[in-house]
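Enquirer: Okay, here's what each chain looks like letter by letter:
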Amino acid sequence: MAKSIDVTDLDIYYGDFKAVEGVTMTIKAKSVTAFIGPSGCGKSTFLRSLNRMHEVIPGARVEGKVMVDGQSLYDPSIDPVEVRRRIGMVFQRPNPFPTMSIYDNVLAGNRLNARRLGRAEADAIVEKSLRGANLWNEVKDRLGKPGMGLSGGQQQRLCIARAIAVEPEVLLMDEPCSALDPISTAAIEDLIHELKSSYTIVIVTHNMQQAARVSDDTGFFNLKAAGQPGHLVEFNPTKTMFTNPENESTEAYISGRFG
Amino acid sequence: MTTADVTMQTHSLPLHRLRLPQYAVPMVMGTAVVVAALLGLLLGWGWVPMAIVAILLTDVALPLWSRLVEGRRAAVDRLVTALIWTALVCALAPLAWLLIKTLASGIPAINGHFLTHNMVQQLDPVTFKTMPGSGVVHALLGTLLVTLGATIISVPVGLMTSVYLVEYGRGRPIARVITLLVDVMTGIPSIVAGLFALALFSVFFGVGTRMGVMGSIALSLLMIPTVVRSAEEMMRLVPGDLREASYALGVPKWRTILKVVLPTSIGGIITGVMLAISRVIGETAPLLVAVGSIDVTNTNLFSGRMQTLPVFIMTEYQTSTPAGYRLAWGGALLLIAIVMVLNLAARIIGKIFAPKTGH
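Line order of the protein sequences matches chains A and B.
Start counting the first sequence at 1; every next residue gets the next number (the working numbering).
Start counting the second sequence at 1; every next residue gets the next number (the working numbering).
Isolated chain B (complex conformation) (with noise of 0.2 Å):
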């Protein structure tokens, strides 16, 4: 008789309940690995069959020795336990591998050369030899611009309809047109938007017109989807008994918005802006069409081609070069960096300007 037997004579309620010890999943997990590495080094795999074979040997072996040991209701908990675990690592792993290939593919194209120079061959005026220009600033330039003037053509109008939609709109046939047209908004494609931008600029400045303002109207619009509906979300969540406390102070509607609606909702408000930056700063479609490409650094917004990154990335790899592969590496991780700041600098002035509990 174990002792676990023996508790349960000892107590007429049953509490106890066979249990797997601690180190059970630790353990499961370290076999399977061990099986799993064994099994390829055997039949030759690579490791990542290694891998997915060790995962789903941990997805079944843990339930079934569960279900010898502590019954079903435990078997079953442990298996979407590790099915859980298992859809986290699927969703997880392709992000890890973009951005350690990134990394390693980008890292030696990013020097001093690289960040100061635009794309414009040179003549070294000792050797009279030309060298290429092998630059990005012209690219980073212009998609800042770009991203810049396709946030300053957003932000109003997505916040303005918001807060048309939350403040005034209310169950009115014209709000939920808005937001039916919101939402179709939201699944233009990207390359519609840019079509869209030449063809509008094309009536009023002929055809083959290219400016990096077009760039920044063919973003914007898929922009202002986003940033209505983050907007639109986060001043639902200002409670009514706020904007009630400045109407009873005498304070009229669209100063009780400006002054407290707005300050309250203010932090999400940002995050969602950002994040809508960072979906549109990666577009290259629209860019390609709307803007155009370019080795030289153009830094008006209103005349002529521009260089951005994304259509830099994908005019580099276009030149099949080992030359051409690493300046396109370099942008990408130029850009993805651009992206995880504009993340962190979104939670950073999203937390500065949250309502403050004071505990």
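Chain A extracted, bound-state conformation (with noise of 0.2 Å):
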């Protein structure tokens, strides 16, 4: 099911400005990795370059490899469409669907794309996802009312349930628990926590004690200056990165002597 993800040398683009340069790294198969780093430092562009949501933006483009079970996500043949379906997505804001109610929302995935399911087939995914994403006690009776009438935690995990529904293989987070408050995001720590028995998981966060509690590994992504590319300065397992990080920078962003 889980599949690992192997990033060689990915440059990437908005147009004629580069972004994120020369990143290399082994994002391992039922995991959770982080990736840390300061503002606009290419973190989120990096985690939309792993399911090619990156070229949505008009201009956008990538160099480089990306390897998903053995194979490239750049190459011509691949359908990003496909390589969606696989590699699912959370994004850092809530954004459930305003016209469907939270049965539907759940579906999205099976619905928009038309594939046919039964009535028991979608009540069993709608529950199982809901589960998975823990919020199933809290919506159970109201399933038919709209996904946008929940408060901002419970659209999260209701995006999170949407993005489940689909079984990807890969699930990368945007900053998922930024908007949040503590409760919400401690739920969602759990969820990423039980999630990872299934699926590899990259989250993007700029919380360091999130980073440490949920990862297996991280990355720190900082920039040499402004305007210039974002890179890759240390990806280690997170107990090297938060005891005894390689780098001098890392050890700075983590202790707080950011520069």
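The hints are all genuine.
Over the 12 Å line for every Cβ pair with chain A, so calculated as not near, a few chain B residues:
hint	residue
1	Ala24
2	Gly44
3	Pro49
4	Trp65
5	Arg73
6	Val137
7	Leu195
8	Asn300
9	Tyr317
10	Ala337
Here are the simulated lysine to any residue pairs, SDA-like style, with alpha carbons at most 20 Å apart:
hint	chain 1	residue 1	chain 2	residue 2
11	B	Lys259	A	Pro98
12	B	Lys351	A	Pro98
13	B	Lys253	A	Arg85
14	B	Lys253	A	Ile78
15	B	Lys259	A	Val81
16	B	Lys259	A	Gly144
17	A	Lys128	A	Arg85
18	B	Lys253	A	Tyr74
19	B	Lys253	A	Arg86
20	A	Lys18	A	Pro38
21	A	Lys65	A	Tyr14
22	B	Lys253	A	Val81
23	B	Lys259	A	Arg111
Read the hints as simulated data drawn from the structure, not as lab findings.
These figures come from a predicted structure and were not determined experimentally.
Idealized CB from N, CA, C, for every residue including glycine.
Need the complex rebuilt from these two chains, each delivered in its own frame; the hints are there to steer you.
Expert: Next comes the structure, spelled out in structure tokens:
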């Protein structure tokens, strides 16, 4: 099921602007990989390049190699739509579909792709995904209500349920807790721990403690200077990273002495 | 020493200010109305000059009184408020007048016979007298059919144009050209649209062809820019987040547009289409040129002349007879009623389809 991702020498551009430079790393299957670093250093850009969401922005392009399951994601024969079906994504701001009920939001990935589902099968997927996202008990009595009526934390978990309902191999999370309170954050971190057993998870976070709590490996991104492309400074097991970092600037960033 | 002065002295922070009493506005307005009415009665004015004088008096008196009591800032506030209300009255008065006039003149014309007959003279089988048709049903059907035809042509074209502009053409030269052309199209004089339809059909069917569908085409030329503009605005309002959420679920772009972008903006798009329909349903010139005028009921869009409400109103008015005027006002009332029903329907449909917040 879960797949590992091998990235080799990846450069990411927005038009002529080089946003990220020379990233090489291996993201292990069935583990949590966290990216930390200052704002604007290209963490999110890099994350979006892992399921070809990057190219949704006009003028954006990528050079280098991203290998998933022995296939190069940026090979011309690869269908980006198929890639995104295998590699799901959860965004910084919760974005449930406003026209759909909670039930339909969870099934959106299936319904929008016109997959025919029997009533029983659909019910099973909804329950499984909502349970997976730790939301089932809160919403099971109001599945027909609009998804926008939930609280921010519930909406974010609904988005996670929606992402895992299509059973992707990899789940990318772009600062999933940045808009949430500590309790919702704890709920989502618990969820990440549970999801780890069946999915490969990559998470971008600004919260160092969160990276330390949930991840197995951590990558630290930084900028050489303003206007310069971001680059991967250090990629190591989280334990090493937070106790004995190889790089001086990693240590400075983690301990709060940034720069 | 007044009470206000006392309060001012007892507090170190001067938060108090003399204000006009709460009844100041109705009092000034009432006085102005009375003064204007007296002046009018004395000088023998009609009620329109009286109303204008009353409004002007209010606009002058209220700020002046405020200047004396409240000070400069409050006086300016009162003046601008009064001017804005005056502008509102100026804008609404013609509308109210038009509605009242149309209702008063149109209601006597509307009866069962008017709504069920066309204008063909009939022979009474008993008395053998000819009876004028004096009905509107042929024009009503014609207007509905021609406008329906225009809608069927304009909505797909307009919607697809705006989908291209919003989802695919962003920043491309061709999109800019299309936007420019749509803007130019907005300004086409309606009679030119009618002449275009006439010229187009005379190429294929010979000079002198008249068909309902020609009117539909002429009207769709006027409708398309409105539909494109409103649909474009509505689709731009759909947050990019939703599109990305859909892409991230592995949904192709075309299904994202069809299943996420359009449903999210459908309420506004329907309202825009309804407004576009209201705009063209009253067009006279292009229909007169392209569809012509006729007294019998013709419900076939693809064969021969058809009568439409605006043209009906015009031809009846041109008869310059009391009966003709009565029919023209009846038709006008019917046309306004259709537009109002369409607008109400647009609001209701927009409400039904609007994204639900769940609060």
